[in-house]
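There are 2 protein chains.
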Amino acid sequence: MRAEILSIGSELVSGQSLDTNSRWLSQQLGALGVPVAFHTTLGDELEDHLDAFRAAIARADLVVMTGGLGPTQDDLTREALAQCAGVPLVEDAASLEAIAAMFARRNRPMAERNRVQALFPQGAEALANPIGTAPGIWMAIGRALIAALPGVPSEMRRMFADEVVPRLRRLGLADRFIVHRKINLFGKGESEIEAQALDLTARGRVPEVGITAHEATISFRITGGGSTEAEALASTDSTAAMIRERFGPLVLGEGTVDVPEALAAQLARSGATLATAESCTGGLMASLLTAIPGISSSYLGGAVTYSNASKSELLGVPPGLIEAHGAVSAEVAAAMAEGARARLGATIAVSATGVAGPGGGTPEKPVGLVYLGLATPAGTETRRLEMGPERPREFIQIYSAKTALNWARLALLDA
Amino acid sequence: MRAEILSIGSELVSGQSLDTNSRWLSQQLGALGVPVAFHTTLGDELEDHLDAFRAAIARADLVVMTGGLGPTQDDLTREALAQCAGVPLVEDAASLEAIAAMFARRNRPMAERNRVQALFPQGAEALANPIGTAPGIWMAIGRALIAALPGVPSEMRRMFADEVVPRLRRLGLADRFIVHRKINLFGKGESEIEAQALDLTARGRVPEVGITAHEATISFRITGGGSTEAEALASTDSTAAMIRERFGPLVLGEGTVDVPEALAAQLARSGATLATAESCTGGLMASLLTAIPGISSSYLGGAVTYSNASKSELLGVPPGLIEAHGAVSAEVAAAMAEGARARLGATIAVSATGVAGPGGGTPEKPVGLVYLGLATPAGTETRRLEMGPERPREFIQIYSAKTALNWARLALLDA
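Sequences listed follow chains G and L, in order.
Counting along the first sequence from 1, when you hit position 221 you're at 221 in our numbering, and nothing is skipped either side.
Counting along the second sequence from 1, when you hit position 235 you're at 1235 in our numbering, and nothing is skipped either side.
Keep in mind that the hints were calculated from the coordinates and are not lab data.
It is possible that part of the hints are untrue.
When the alpha-carbon atoms are kept at most 25 Å apart in a straight line, the in silico DMTMM-like pairs for lysine to aspartate or glutamate are as follows [to be verified]:
| # | chain 1 | residue 1 | chain 2 | residue 2 |
| --- | --- | --- | --- | --- |
| 1 | G | Lys182 | L | Glu1394 |
| 2 | G | Lys182 | L | Glu1215 |
| 3 | G | Lys188 | L | Glu1097 |
| 4 | G | Lys182 | L | Glu1390 |
| 5 | G | Lys188 | G | Glu11 |
| 6 | G | Lys182 | L | Asp1044 |
| 7 | G | Lys182 | L | Glu1261 |
| 8 | L | Lys1182 | L | Glu1231 |
| 9 | L | Lys1365 | L | Glu1381 |
| 10 | G | Lys188 | L | Glu1229 |
| 11 | G | Lys188 | G | Glu47 |
| 12 | G | Lys182 | G | Glu125 |
| 13 | G | Lys188 | L | Glu1381 |
| 14 | G | Lys188 | L | Glu1231 |
| 15 | G | Lys182 | G | Glu112 |
| 16 | L | Lys1182 | G | Asp414 |
| 17 | G | Lys182 | G | Asp199 |
| 18 | L | Lys1182 | L | Glu1192 |
| 19 | L | Lys1365 | L | Glu1390 |
| 20 | L | Lys1182 | L | Asp1074 |
| 21 | G | Lys365 | G | Glu331 |
| 22 | L | Lys1365 | L | Glu1323 |
| 23 | L | Lys1182 | G | Asp199 |
Derived coverage of chain G by chain L (criterion: at least 3 residues anywhere in the stretch with Cβ under 8 Å from a Cβ of chain L; other residues may be distant) [as the list claims (entries may be wrong)]:
| # | segment |
| --- | --- |
| 24 | 250-262 |
| 25 | 347-355 |
Model, not experiment: these values are computed from the prediction.
Backbone N, C-alpha and C define an ideal beta-carbon position, used for all residues, glycine too.
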């Protein structure tokens, strides 16, 4: 059983709209145990419809298509399906009635051209659309089943759930549950982590494990299957335990848990409070933390000290220290963290000062050089990061912020 | 001339990631006058690669593909291209050197498996990747030109602009210019602005004008065309001038200029400096501002005061004031802005204190209630925003932050 998704619409093919329908559909089909092999997006040319439909019908067991069911000349899904099947289009009385009733409910006159929405390839079944005018189409061509749905996301989603899924279940084609479990890690590069996980990511392993990276967070993605959801989830347990065991403190958590969420959870567990002192990260640490509901019980606040004077005024960094070592230095990073910890009365504090670029770099202090500070009851430490001057400002900021917050997490973990 | 886009990646085909690369590429190709006929997304099976590559090569003049160029076993683009062209893979010494140099610059050891990233189908040209390890591939198969780029968006975008576009121009394949001009406004709702622009957004108008909204910023999008970029741009001039004239101070600027960028420009023009005092926005104002290169000449910094004590400690808000009026009050918003302005020695300061939710609301101070403060040489003002408790935390934070920063911009504009 292999599915394909076809998204039809000139606004999709020109990049003016994002094709979120195909993403949603592939997640839904995946969860039903129906793997999706291709998504194809095409515009409003009949030739392209025929080409894409025929390719999909030839290689897939199920083709779910969205769009092209409207009343205008650009809407060619009906026509193209009839041509692929070699059958004429015929009017479906029940569908015509439903379309007329929809217009009546909205107190709008039904245009003559809406009549074409009641046309179906001969032998096809209408899929009811309770919230729009375009009914869907359910039919078989060759060995492929076809579900054609409107492109309007709310209509498409409802019709997929109410009309398509029950048909697949009845046919015994969607009898499986697939779950995806994502375990997120931070602190080492993707290739380094992958090198320690070749047994897990090997092709053909069950359950399957993939690896992805986003803003320096590395994720293992375990795909489990079973005839119930619980069974599917259970099939991932030993692999998840193996990853947690092997990578220990690098593991942040599962799902949407990234560095800030993992730190927030660790703060709550430890009963510790946190303060931040940010120069080059410019409030990004604070902003990442305060995006988390309920963080106010452990995050006290911090200072964004973009000027030298603000480092002294808000955090008590001695002006002489800045003069002696420069604002981008281990000494200033340490003083910033200590100042934030003392002034806010926090258990721990982290700081970042560096050159985020693209301007402001010098041979001694190039773009991508960042000092982090960590002040705890046990004392203050600093770290030096060198990301390389070709890195964009955005990366330097997010990588510095996440590395600093992760350092605070690890310190609490060890404490 | 007709192009196709292939996006490769199991996380795309399973719907775990959104395929934003193909959207971006089709916009770029459209702007070059190269229409895109299909986007196809496929996973990590070699058979599917061959199937999709062959279909695209047979019907398109240009195939731009992203992904599958990494160092792992799942990365099959190189192999599949070689098979489609019927040539072996050969190692490119210059690319190998560039990959090794990239690792050296990042002070990381180069894994042996990264060596495969220097393999190319015989006869192909390497496309330099200045910010990542994977070089791209440029080659012809049959009558189709192929550009294979990495899936990492920042690398893909840069390589498309620096390596692919110049090649298309040299070959005379991208000879038309379509420009999109986006004029961004802030301060009124989308429907209110649209009601004042019905003549502009009418169907069939030349140049075409659309309207979109993102995080409370409203954008007019003008599409112009011509045989040179200057001609295409000139065709949008009178419409752009009409919008600027009609909406006056609501206009932030063009392109990626949103509230923070417009404020940064206004600060530079005024020679003024700014400080921020944030409670419910939690560093978002600071973070938005410091994402802008060069902002350090006018943004001095600020405080993120999530606890009552931090409002007093960092900003000098009298504890009695917080006790009397509550942390979420006009009085505290005023004192926060005044404290930030005084302590950081800034020309102006803005503040925000409110209930971002989802918890923490009371009948008197519900979720979505936010007070803003603005302290200037002329005195201090406050504003009360009520966004409604059904708004998500994320919206309450971004809307408050943008409204506060826009207020500072308007104050400088009037000064």
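Hints, one by one, checked against the model:
1. The hinted pair formed by Lys182 (chain G) and Glu1394 (chain L) meets the criterion: a straight-line CA distance of about 23 Å does not exceed 25 Å.
2. Proposed proximity of Lys182 (chain G) and Glu1215 (chain L) is contradicted: the alpha carbons are some 29 Å apart, above 25 Å.
3. Between Lys188 (chain G) and Glu1097 (chain L) the CA atoms are separated by roughly 24 Å; this keeps the pair inside 25 Å, and the hint holds.
4. Distance hint between Lys182 (chain G) and Glu1390 (chain L) is unfulfilled; the C-alpha atoms sit about 30 Å from each other, more than 25 Å.
5. Of the supplied pair hints, the one linking Lys188 (chain G) and Glu11 (chain G) is violated, its CA atoms being roughly 40 Å apart against a limit of 25 Å.
6. Restraint check for Lys182 (chain G) and Asp1044 (chain L): the C-alpha separation of about 19 Å stays at or below 25 Å, so the hint holds.
7. Note on Lys182 (chain G) and Glu1261 (chain L): the hinted pairing is violated, with a Cα-Cα distance of about 36 Å set against a maximum of 25 Å.
8. Of the supplied pair hints, the one linking Lys1182 (chain L) and Glu1231 (chain L) holds, its CA atoms being roughly 17 Å apart against a limit of 25 Å.
9. With a C-alpha separation of about 20 Å, the suggested pair Lys1365 (chain L) and Glu1381 (chain L) falls inside the 25 Å cut-off, and the hint holds.
10. The suggested pairing of Lys188 (chain G) with Glu1229 (chain L) is violated, with an alpha-carbon distance near 45 Å, which exceeds 25 Å.
11. Simply put, Lys188 (chain G) and Glu47 (chain G) have alpha-carbon atoms about 49 Å apart, too far for the 25 Å limit, and the pair is violated.
12. This hinted pair does not check out: Lys182 (chain G) and Glu125 (chain G) have alpha carbons roughly 39 Å apart, beyond 25 Å.
13. At most 25 Å may separate the alpha-carbon atoms for a hinted pair to count; Lys188 (chain G) and Glu1381 (chain L) exceed this at roughly 48 Å.
14. Restraint check: the Cα-Cα separation between Lys188 (chain G) and Glu1231 (chain L) comes to about 50 Å, which exceeds 25 Å; the hinted pair is violated.
15. With a C-alpha separation of about 51 Å, the suggested pairing of Lys182 (chain G) with Glu112 (chain G) is violated against the 25 Å cut-off.
16. The suggested pairing of Lys1182 (chain L) with Asp414 (chain G) is violated, with an alpha-carbon distance near 51 Å, which exceeds 25 Å.
17. Between Lys182 (chain G) and Asp199 (chain G) the alpha-carbon distance is near 17 Å, which keeps this suggested pair within the 25 Å criterion.
18. For the given pair, Lys1182 (chain L) sits about 18 Å from Glu1192 (chain L) by alpha-carbon distance, which is consistent with the 25 Å threshold.
19. Note on Lys1365 (chain L) and Glu1390 (chain L): the hinted pairing holds, with a Cα-Cα distance of about 14 Å set against a maximum of 25 Å.
20. Restraint check for Lys1182 (chain L) and Asp1074 (chain L): not satisfied, since their Cα atoms lie roughly 39 Å apart, outside the 25 Å limit.
21. For a cut-off of 25 Å, the pair hint linking Lys365 (chain G) to Glu331 (chain G) stands: about 14 Å separates their Cα positions.
22. Taking the CA atoms of Lys1365 (chain L) and Glu1323 (chain L), the gap is about 15 Å. The hint holds against a cut of 25 Å.
23. Restraint check for Lys1182 (chain L) and Asp199 (chain G): not satisfied, since their Cα atoms lie roughly 50 Å apart, outside the 25 Å limit.
24. A stretch counts as covered by a chain when three or more of its residues have a beta carbon under 8 Å from one of that chain; for the segment 250-262 of chain G and chain L the count is 0, and the coverage is violated.
25. Given a C-beta distance limit of less than 8 Å, the hint that chain L covers the segment 347-355 of chain G is violated, as 0 residues qualify and 3 are needed.
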